[in-house]
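Undergrad: These are the residues of each chain, in order.
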Amino acid sequence: MTEVVTASGLVKRWGATPALAGAELHVGRGITGLLGANGAGKTTLIGMLLGLHRPDAGTLRVLGLDPTTAGSEVRERVGYAPEHDALPGDMRAHDLVRHLAEVHGLPHREAVSRASDALWHVGLGEERFRPVGTMSTGQRQRVKLASAFVHDPALLLLDEPTNGLDPVQRDEMLALVRRIGTEFGIDVVVSSHLLEEVERVCDAVVILADGVVAAAGTLDALRSGEDVVVVEVVGDPAPLVAALRAGGSPLEVDGSRVTVPLPDDPAGIAGAYDLLRDAAVSTATSLRRLQRRTASLEEVFLAAGAGPQHGDDLARDDEVVSRS
Amino acid sequence: MSDARILDRGYRRYDGARLGARGAIGSLTRQSALRALGLRRTFWAKVFPLLSAIIAYLPATVFVGIAALFPDELLDPDAVIPGYGEYYSFITAAIVVFVALVGPEVLCPDRRDGMLGLYLASPLTRDTYLLAKALAVVPVLAIVTVGPPLLLLVGRTFADAGPESFGDFLTVLVRILVSGLAISAAYTAISLAAASLTDRRAVASAGVILLLLVTSVATTVLVELGGSERLLLLNLFLLPFELVQRVYGELGSEPQLATVELVAANAAWTLGAGFLVRERYRRLQVTR
Chain W
0 MTEVVTASGL VKRWGATPAL AGAELHVGRG ITGLLGANGA GKTTLIGMLL
50 GLHRPDAGTL RVLGLDPTTA GSEVRERVGY APEHDALPGD MRAHDLVRHL
100 AEVHGLPHRE AVSRASDALW HVGLGEERFR PVGTMSTGQR QRVKLASAFV
150 HDPALLLLDE PTNGLDPVQR DEMLALVRRI GTEFGIDVVV SSHLLEEVER
200 VCDAVVILAD GVVAAAGTLD ALRSGEDVVV VEVVGDPAPL VAALRAGGSP
250 LEVDGSRVTV PLPDDPAGIA GAYDLLRDAA VSTATSLRRL QRRTASLEEV
300 FLAAGAGPQH GDDLARDDEV VSRS
Chain P
0 MSDARILDRG YRRYDGARLG ARGAIGSLTR QSALRALGLR RTFWAKVFPL
50 LSAIIAYLPA TVFVGIAALF PDELLDPDAV IPGYGEYYSF ITAAIVVFVA
100 LVGPEVLCPD RRDGMLGLYL ASPLTRDTYL LAKALAVVPV LAIVTVGPPL
150 LLLVGRTFAD AGPESFGDFL TVLVRILVSG LAISAAYTAI SLAAASLTDR
200 RAVASAGVIL LLLVTSVATT VLVELGGSER LLLLNLFLLP FELVQRVYGE
250 LGSEPQLATV ELVAANAAWT LGAGFLVRER YRRLQVTR
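Protein chains in written order, with numbering that gives the first Met the number 0: chain W, 0 to 323; chain P, 0 to 287.
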């Protein structure tokens, strides 16, 4: 199975407010970021993936099953870590993780050993018998993560997994998520409003805006919309520009900066670099900078039309760090 | 001592059997029952359940002691020791305190902590979640509704002051189980209904006690003022215990109420409270 989640024409309304308005969705293997401003429909979509909400229209498949009719079967094979702090403070971490493994159908003995393993994996091996209430925010987030994958799900849904974490804890959490999606072989959907976070851990992105999928695909594919080489020259760029134009390269000039678009195919990209090198040598142009630039996720997000009216709700990491 | 250290435990996939909703209900039932009893929790969480149990079992222990220590020639056990149905009048307070504690303890924290969202993201549905909670509360309440009369029966039997034949013994045993479970079922539904209306345990516990007291006082006053005696069917303090008297073939304190009315009223309260809990959870928004 190459597609973990598929949705077609997905509609969900809360009263008169549309949460999803005909979303088309294809989530493949690996780690996928679910990106959108607050109110874009991310949490509603996660609830629907878990079979907790019935769509008003459209079809939805999770791991090949319809969560509205086979909700229990889907939830048995899916792990979920909600955004909010959802742990009872007076329970020991190991008891809690073991209990949630059992609730997901694991026999008691297996649940006991896997709870220990899961807590080791998230770095809480030594702390596993401490009550959750005595743990730091970062440790509680790790317990929540361990609870979500202790039963070896095929798909893990993480809703804002770095909420409330300091920068160091956030880096560790993102590394853990990456490890789960790669080493453990569990497909992960990370819902987030932090662009840089998604950019760092995800292989693919689904961007939700106003209840529809504004853009979706692998990060490489989404960012290939703008794939250019930016060349900054010392002195007059005219000879270099002329040589490049003579070589048939389309380009833009802005003062001492020359921007050369790159083709899609690897051979074409190599050819463009060769042309640049030869043009610089033949015109004896000194280069101050030569840098390949792809579109950032933020640019993709804005280009997808998910941006301006929701811009305040979305943040890059540095902004969030400075706020916290 | 070895210097060996485990550097990487690796990740184990799980290909074994999964127990589905059945396993989930079993685990949640066990976990909720342990929580209600304060087990695997702090000392203070154990205090009230323990005190209630002591109060419930103390009279039975004393009566068994009397039956064992004093020979029949000196003391007629039937004259001194209350009947199994009457025994509940000694432990009503303990039962009410237990009821007021257990339901809220089992339901409220899940909503307050957000654990409900994690449970509903498992094979559990809202209905199976509530089923597991009810399955946890009934046996916990049975500790004070079935256990003490059962201790009385077993103790009296060993002291040679119990039922005269094995048949009589079985009859009393069945009556104890039916009575205890009837009280547990009715009060489970009522305490869960109160707990479904608030996230705060203390408020829900106070609500249960208030509900029992208010229905008791209000109906008694209304009947004394000349209202219909059927108003007593709204008395939650009285109903389950009056039904117990009928199970033992006695008329109890309100003989004017027909047994069928008592059965119907208990069933109506139990089902009505159960319906309220179900509706409340059906409308509860977990993720949005």
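Some hints could be false.
What the hints assert, rightly or not - Listed below are several chain W residues computed to face chain P (Cβ distance under 7 Å; list not exhaustive): (1) T67; (2) T68; (3) A69; (4) R74; (5) E75; (6) Y79; (7) E82; (8) D89; (9) H93; (10) H98; (11) A153; (12) V228; (13) E231; (14) V233; (15) G234.
These aren't lab readings, by the way, just hints derived from the structure by calculation. Think of the CB as a built atom: it goes at the ideal place given N, C-alpha and C, for glycine as much as any other residue.
Undergrad: Would you list, in rising numerical order, the hints stated earlier that this structure does not obey?
TA: Of the numbered hints given earlier, those the structure breaks are 1, 2, 3, 7, 9, 11, 12, 13, 14, 15, listed in rising order.
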